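K.L.:
Following the hints, put chain G in place on chain C, whose structure we already have.
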Amino acid sequence: MSILYPQRPRIIVGMATCGLAAGADEVFDALREEADRLGFDLTLLATGCIGYCQQEPLVDVRMPDLGRVLYAKMTPERARNLITALSTGKLPAEHALASIPEEDSNTRKRPEHLSAVPLISELPFYTQQHKIVLRNSGLIDPFSIEEYIARDGYQALSRTLLHLSSQDVIDEITQSGLRGRGGGGFPTGKKWGVCSNETGEPKYIICNADEGDPGAYMDRTVLESDPYSVIEGMTIGGYAIGANSGYVYVRNEYPLAIERINRAIARAEECGLLGEEIFGSGFNFSIKVVRGAGAFVCGEETALIASIEGGLGEPRPRPPYPAKNGLWGKPTIINNVKTLASVSAIVSKGARWYSNIGTKGNTGTVVFSLVGKVANTGLVEVPLGLTLKEMIEGIGNGGLAGRRVKAVQTGGPSGGCLPARLFDLPINYEALTQAGSIMGSGGMVVMDEDTCMVDVARYFLNFTMAESCGKCTPCREGTRYMYEILTRIVEGQATPEDVVLLEELAIWVKETSLCGLGQTAPNPVLTTLRYFHDEYDAHIMEKRCPAGVCRALIQLTIDPELCNGCGLCMRECPVGAISGEKKKPHFIDPKMCTQCRTCHDVCPEGAVKIVR
Amino acid sequence: MPIIAQPVHPPAGALLAKLHAINSERGYLPEEDLRVAADELALPLSLLYSAATFYSAFSFKPRGLHTVQVCMGTACYIRGGDRLLEKLETKLGVKHGETSEDGVFTIDTVHCLGSCSMSPVIRVDEDTYGRFKINRIPRVLNKYRQNEPGEKGPGEQET
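Protein sequence lines, in the order shown, are assigned to chains C and G. The first sequence: position 600 = 594 (our numbering), numbered continuously. Our numbering runs 114 ahead of the 1-based position in the second sequence.
Bound-form chain G, shown alone:
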């Protein structure tokens, strides 16, 4: 018998899966949930905190009802993604990483959504909008605001 017990490692990917689960239920990582999770996984709270700040998917701040991700991949960037972001920021009156005052939208940038052939691209929640033209912003936002007529779907057809 070794004098110092060998540590038992948690199952593969357990920490990330736990953080994802809290994040998808709460929209962010509240402190009390992290404390409970640390106990459950038998991991130090400091490790959960490090992971939560290391990975960009997590946030300690409550987020808006909907998340708008503006793709900053190379193809999107050279085809005007930065300008979509700028317009969105002025339209909602907040910078990326922040939530609009009415609590409806959080703006995020993302390094690549992997839809480069459709650049520039934005994603609202799980809906991806490609070949995105700046004048579609109001229609798309309206779609996610309740009781307001918006654009029907992601598609904008080229003829």
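Bound conformation, chain C alone:
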């Protein structure tokens, strides 16, 4: 960076989708306008996501000779003040979250007034993290191939094409212990080896960026923040298996990721890092992007292939696996975004380096999205083997203010809900599977005492029912019947026999469905039955929802002692069920109330009570 920007201040603003959702574009505009107004000369760029979404919008300022500081929770006004301070040659301490040391510069020393600002590695959110997949996310301009190269990008590809045989690459990946990060956990090197030995031509490599699990957004982040790491990994994979073309299948809901990966591909082509004769080695490789169209099942590899081929995204039975019989019947490798971003790091630093991180059989790092009812939300990359407790209470800093964390949901609709009493479990493929959940693609949704676990199970069944492609009967019909039973339970209409039927159905769907979607769809039901049976009992036997969520089982009232008559609840009630005079206690008409709890959420006085 000091070579790229020797004497110019460089400011980068976190502008992945999450940053933009927090208002980063307004902050960016304010920085630009104020710098122009003051005639302050700087390089102002957008970057991706540094992971600490809770602190967005984030602004990273690098001042030659002064240092590099990350500012958090910025507003346009704060941005203008920041520029004013910088233009007088100061790095202000206000809103400084952390300082970022730079490996290649002489800006290590911290000015005295910033001595209280911790290093980024000292923040509790980051102390346990080890960034490999996210090594560049939020630190570089995702459009700049120069910045990617400045941080050791393309060393792996040059080593691969100039010094390694395809077997060497496969051996390196095998020895690293890397397992598929899309959730399956299959050893990547082994998969490549199978495909490499196939004789069919041509071969293909596909990057699966159809990140459909609700609660997971790491693939989007990598594509938006560091697209070259994926391109480089794919090119290495193509060389290893003998493929000259690759496809990136991105889900439709990620327009920014699609734009950024397309721009990065075009730029890599321009630089000769994609196309013919890469590094003069005789190896040709090209990548095309395919935009999905909103079908969860397309994340399943055989469905994804069908979708690229131009048909419906319906899965087919495996074997044969795509490594033997994939796109247009040809040998095809499908790897997740994070797997490919890991590949480029592994080939650059070596298998031994990677295999020393994590634990035996679970080497390397995994990226999780820590979201839901947790104090620190964001993307977290940790070595495998950390416990759930270290993740949620350490990195996540526990639940929301004053609320007790009850469970964590891992693995999306295919995963399960694990109770707080199991938080000593280490996070790895096997431990989570044994507990009835899965690691999946890395979504971790934290739930607290205000979350109803029966309602959550019903939420997931609603999801899988809607996303079932309908090809096989167990999944198509089974998820629908399970959803109907769960609906009876949350409405207080169920009998104890319903739970027996629910469990039977769950096992039947799990054992007889065609693809992973159906085989794992019952997991949210089975885990909540296993760990939160008391909540099912309360709904069925006592017609009570302990969390105060299920509408048929709760009532809302306003405590006249606490209500100050501000009228906010009256204004926000979607059905006009609240009445009252200004500055006098308000009243909810129980006949009109739909128990949506909006009044409860907006009341600044805590005067709206949920009667369970």
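Be a bit skeptical, because a hint or two may be false.
[Stated by the list, open to error] No more than 27 Å apart at the CA atoms, straight line, and that leaves these computed lysine-lysine pairs for DSSO-like: (1) C:LYS354 / C:LYS282; (2) G:LYS257 / C:LYS603; (3) C:LYS343 / C:LYS354; (4) C:LYS324 / C:LYS537; (5) C:LYS465 / G:LYS175; (6) C:LYS585 / G:LYS209; (7) G:LYS257 / C:LYS67; (8) C:LYS184 / C:LYS324; (9) C:LYS84 / C:LYS125; (10) G:LYS247 / G:LYS257; (11) C:LYS67 / G:LYS247; (12) G:LYS247 / C:LYS576; (13) C:LYS578 / G:LYS247; (14) C:LYS577 / G:LYS247; (15) C:LYS603 / G:LYS205; (16) C:LYS603 / C:LYS537; (17) C:LYS537 / C:LYS576; (18) G:LYS205 / C:LYS576; (19) C:LYS67 / C:LYS84; (20) G:LYS247 / G:LYS175; (21) C:LYS603 / C:LYS585; (22) C:LYS465 / C:LYS318; (23) C:LYS578 / C:LYS603; (24) C:LYS125 / C:LYS343; (25) C:LYS585 / G:LYS205; (26) G:LYS205 / G:LYS175; (27) G:LYS205 / G:LYS257; (28) C:LYS577 / G:LYS257; (29) C:LYS354 / C:LYS324; (30) G:LYS175 / G:LYS257.
Rather than coming from a laboratory, the hints here were simulated on the basis of the structure. What you are looking at is a predicted structure, and each value in this text was computed from that prediction instead of being measured.
P.N.:
Showing chain G alone in chain C's frame:
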């Protein structure tokens, strides 16, 4: 020479790309455009119809000027996304999947926008609004109605 010619497959992703192109130009998939597309791709019209109904991104009904997507991902759901939807539906007088009478807004639900750290989240066209509070709905809608003062941008800052 084989007696039955081997089918030539269309280029990868060609069908989806075509449907996306029609959809972004017209806002939906009109029948006449689908017929032309089927000819161009040399694919049966029935396949285009199946694909158009299989994928949630496409619609046969004309849509509003702006699309409001309410995220129903897990994090958004447990942090009140369903209630945002309910409020929006009563405010615009239509259910999700429908278009307001003035033709300005279509409400959609989406299974996850991938901005889970900012939950609950809504998206209007390509603008994503995070940490969304229910009382921001009128301001945000006004921003997309012409000649009405609205909220300046997506951000709502926490201090």
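K.L.:
Straight-line Cα separation of LYS603 of chain C and LYS205 of chain G no greater than 27 Å?
P.N.:
With Cα atoms ~25 Å apart, LYS603 of chain C and LYS205 of chain G stay inside 27 Å; holds.
K.L.:
With the threshold set at 27 Å, check whether the alpha-carbon distance from LYS205 of chain G to LYS175 of chain G stays at or below it.
P.N.:
Between LYS205 of chain G and LYS175 of chain G the Cα gap is close to 22 Å, so the pair holds against 27 Å.
K.L.:
For the pair supplied as a hint, LYS247 of chain G and LYS257 of chain G, confirm whether the alpha-carbon distance does not exceed 27 Å.
P.N.:
holds (16 Å)
K.L.:
Holds or violated: LYS324 of chain C and LYS537 of chain C, Cα atoms, limit 27 Å.
P.N.:
violated (56 Å)
K.L.:
Does the alpha-carbon distance linking LYS354 of chain C and LYS324 of chain C stay inside the 27 Å limit?
P.N.:
Not satisfied, since the Cα-Cα distance of roughly 34 Å exceeds 27 Å.
K.L.:
Holds or violated: LYS354 of chain C and LYS282 of chain C, Cα atoms, limit 27 Å.
P.N.:
violated (36 Å)
K.L.:
Measure nothing beyond the straight line between the CA atoms of LYS537 of chain C and LYS576 of chain C; if it is 27 Å or shorter, mark the hint as holding.
P.N.:
With a Cα-Cα distance of about 36 Å, the restraint between LYS537 of chain C and LYS576 of chain C is violated, given a limit of 27 Å.
K.L.:
Does LYS247 of chain G pair with LYS175 of chain G here, judged by a C-alpha cut-off of 27 Å?
P.N.:
Measuring from Cα to Cα gives roughly 30 Å; hence the hint is violated.
K.L.:
Between the alpha carbons of LYS465 of chain C and LYS318 of chain C, is the straight-line distance 27 Å or under?
P.N.:
holds (23 Å)
K.L.:
Regarding the pair LYS247 of chain G and LYS576 of chain C, is the alpha-carbon distance no greater than 27 Å?
P.N.:
Since the Cα atoms of LYS247 of chain G and LYS576 of chain C sit roughly 23 Å apart, the hinted pair holds (cutoff 27 Å).
K.L.:
Given the hint that LYS603 of chain C pairs with LYS537 of chain C, test it: the Cα-Cα distance must not exceed 27 Å.
P.N.:
Status holds; Cα separation ~18 Å.
K.L.:
Between LYS205 of chain G and LYS576 of chain C, is the straight-line Cα distance small enough, at 27 Å or below?
P.N.:
holds (23 Å)
Hints 1, 2, 4, 9, 17, 20, 28 and 29, counting from the list given before, are not met by this structure.
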